[in-house]
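Protein sequence lines correspond, in order, to chains A and B.
Counting with the numbering used here, you get residues 1 to 118 for the letters of the first sequence.
Counting with the numbering used here, you get residues 1 to 114 for the letters of the second sequence.
Calculated from the structure, these hints are not laboratory results.
Think of the CB as a built atom: it goes at the ideal place given N, C-alpha and C, for glycine as much as any other residue.
Listed next, with one range per pair, are the computed distances between beta-carbon atoms: (1) B:53 <-> A:68: 34 to 40 Å; (2) A:74 <-> B:58: 29 to 35 Å; (3) B:26 <-> A:2: 26 to 32 Å.
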Amino acid sequence: GAVVSQHPSWVICKSGTSVKIECRSLDFQATTMFWYRQFPKQSLMLMATSNEGSKATYEQGVEKDKFLINHASLTLSTLTVTSAHPEDSSFYICSARRAQGISNQPQHFGDGTRLSIL
Amino acid sequence: GENVEQHPSTLSVQEGDSAVIKCTYSDSASNYFPWYKQELGKRPQLIIDIRSNVGEKKDQRIAVTLNKTAKHFSLHITETQPEDSAVYFCAASFPGGGADGLTFGKGTHLIIQP
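The shape of chain A in the complex, shown without the other chains:
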């Protein structure tokens, strides 16, 4: 169990457009989901924590108006990159955890979305 699906896996779009990425927990209810960004040959950097039914908590330096997060159900969180620019090109990965507010439980990752802005 604990399968997380992320869609799309690859996006290429023009500068200025908005891109929506979906993260779904397929076989469990995820009260908490996380969004990470990973640049080539670098580590994963936490962008925001998303709890179902409440506003996302963003890490320092992450613009909440640029990276819109919606966690509308216990199995779906979306990340929308608004007015994307070439510097937003990266590998975006979501993860999901069953229990809210319990940090010592495993996070299960999606396959990631490779975003390329031309």
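Given chain A, put chain B in place with the hints provided.
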């Protein structure tokens, strides 16, 4: 916030030998320490984790040790095989109210020489 340091950045070992990767963390409130294996272009896969109330955990060829006093934890892989080649990330998580995601180390590129 939490800061996780990971060493070495690259580790090359002969097939069959053991590999050890070490991490330190800064926040004594951290209570969960997972290790992930990531192959190129793929998702991080959880290979083992340890909680702050445990000093050591083993799963077949993989083991993790935790020293809370020194704030460091290590991954041990024995009898390494070519399929162990990948990038390994340590991470730490601490209770942070609505924001308790993982802080990752910079990763270790493990190369298993045949």
